[in-house]
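First to last, the sequence lines map onto chains A and B.
Start counting the first sequence at 11; every next residue gets the next number (our numbering).
Start counting the second sequence at 1471; every next residue gets the next number (our numbering).
No wet-lab data here; the hints were simulated from the structure.
None of these values were measured; they are calculated from a predicted model.
For glycine and all other residues, C-beta sits at the position ideal for the given N, C-alpha and C.
A couple of the hints might just be wrong.
Stated by the list, open to error - Which bits of chain A does chain B cover? Going by a derived footprint, with three or more residues having C-beta under 8 Å, they are: (1) 85-97; (2) 107-120.
Stated by the list, open to error - Derived DEER-like restraints, expressed as beta-carbon distance ranges: (3) N43(A) / R1485(B): 24 to 30 Å; (4) A107(A) / E1562(B): 56 to 62 Å; (5) T46(A) / K1642(B): 46 to 52 Å; (6) G104(A) / T1560(B): 56 to 62 Å; (7) P1643(B) / K98(A): 38 to 44 Å; (8) K1649(B) / M116(A): 33 to 39 Å.
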Amino acid sequence: MTVMSHKFIHKFLKPIFGKEATMLNIEKKPNGNELTVKLVGRLDTTTAPMLEGELRSSTNGVQDLIFDLSELEYISSAGLRVFLSAQKVMNKQGKMAVRGANEVIMDIFEVTGFIDILNVER
Amino acid sequence: MSEKENLDSIFIRERIIMSLAEIVGSRDSGTGGHVMRTSEVVQEFALRLYQDGYGLSKDFLSKVIRAAPLHDLGKIAVSDSVLMKNGKYTDEEYACMKKHAAEGAKVVERILNDVESDDFVQVAANVAHYHHEKWDGSGYPDGLSGEDIPIEARIMALADVFDALVSKRCYKPAFSYDKAFSIIEESLGSHFDPSLGKKFLECKDQLIKLYDGYES
Chain A
11 MTVMSHKFIH
21 KFLKPIFGKE
31 ATMLNIEKKP
41 NGNELTVKLV
51 GRLDTTTAPM
61 LEGELRSSTN
71 GVQDLIFDLS
81 ELEYISSAGL
91 RVFLSAQKVM
101 NKQGKMAVRG
111 ANEVIMDIFE
121 VTGFIDILNV
131 ER
Chain B
1471 MSEKENLDSI
1481 FIRERIIMSL
1491 AEIVGSRDSG
1501 TGGHVMRTSE
1511 VVQEFALRLY
1521 QDGYGLSKDF
1531 LSKVIRAAPL
1541 HDLGKIAVSD
1551 SVLMKNGKYT
1561 DEEYACMKKH
1571 AAEGAKVVER
1581 ILNDVESDDF
1591 VQVAANVAHY
1601 HHEKWDGSGY
1611 PDGLSGEDIP
1621 IEARIMALAD
1631 VFDALVSKRC
1641 YKPAFSYDKA
1651 FSIIEESLGS
1661 HFDPSLGKKF
1671 LECKDQLIKL
1681 YDGYES
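Extracted from the complex, chain A is given alone in its bound form:
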């Protein structure tokens, strides 16, 4: 389910707030027991609860959870904690992978130690 398109953010919200509104676009692509979740934008304190809610309602029965981070710009500690929770859930019912992370996100995974916790595909 698309929560809010980037086009909408840039066309309407940016002029209203006069700055880049921090938003996260969550695109879910289910395929049988596999679910790909593409994250577009910033995963931070403001947007992490949104992802947490989305995952809670959509990971039931999922055996393969894949996060596509190719268009994720930034992840804060609140966002990392959502990944940690998701990994914990998926360890019980299947597996989880994180892929497509840009250089900054990879550096964040490195410096926070999450590179050793999550299954990060380069």
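We have chain A already, so just place chain B on it with the hints.
Below, chain B without anything else, positioned relative to chain A:
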């Protein structure tokens, strides 16, 4: 979190840290947001130090990031009348408030000794104990100066003060980002480690973006 560990144990340890941070936040409505924001500032700053090869290992930096939410833990030992006071402290009240630093280190050690590595407990205790020390020795509780102040506490001090500057407090309005960064710049060598502080100033754009997110 450097080696592959059992995820359940990692999860529980993260929960302990966040729960302790939430307890501090629930005691003081202004502190909740402060704890969360300063922790994210520390992550942003640590990322910069890592990317620029400042000479601190990523293992150490990951410990500082994890320890950041505990920096004000000692506030649980400060009485409500002081913690929630709206207005200027008397000397006596200020002395009581200042106890949160050393007290925080004690609480960190007591609670985390059996669940975390010795290295992490040391970093977290140092962050709590020394984040109000100043480079010129005029801080508290021990009046340490220069490199005698553990570097994890010097990192925390920058994040802590930055958040206080750009936030509204009962004794001051919220300063603009420009004003906050210029105050920090003027305090390099007096309040802050000059070399570390210079690196912090280089995070300006990222920090503004982070804080714009809190407002939207």
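Against the structure, the hints come out as follows:
Here the segment 85-97 of chain A counts 7 residues with a CB under 8 Å from a CB of chain B, which clears the bar of 3, and the coverage holds. Under a criterion of three residues with beta carbons nearer than 8 Å to beta carbons of chain B, the stated coverage of the segment 107-120 of chain A is upheld, 4 such residues being counted. Take N43(A) and R1485(B): their Cβ atoms lie about 29 Å apart, and the range 24 to 30 Å holds. Under the hint 56 to 62 Å, the C-beta atoms of A107(A) and E1562(B), about 57 Å apart, fit the expected range.
For the hinted restraint 46 to 52 Å between T46(A) and K1642(B), the CB-CB distance of approximately 48 Å keeps it satisfied. Taking 56 to 62 Å as the suggested C-beta distance range, the pair G104(A) and T1560(B) conforms, at roughly 60 Å. For the pair P1643(B) and K98(A), the beta carbons lie near 42 Å from each other, so the given range of 38 to 44 Å is met. Taking 33 to 39 Å as the suggested C-beta distance range, the pair K1649(B) and M116(A) conforms, at roughly 34 Å.
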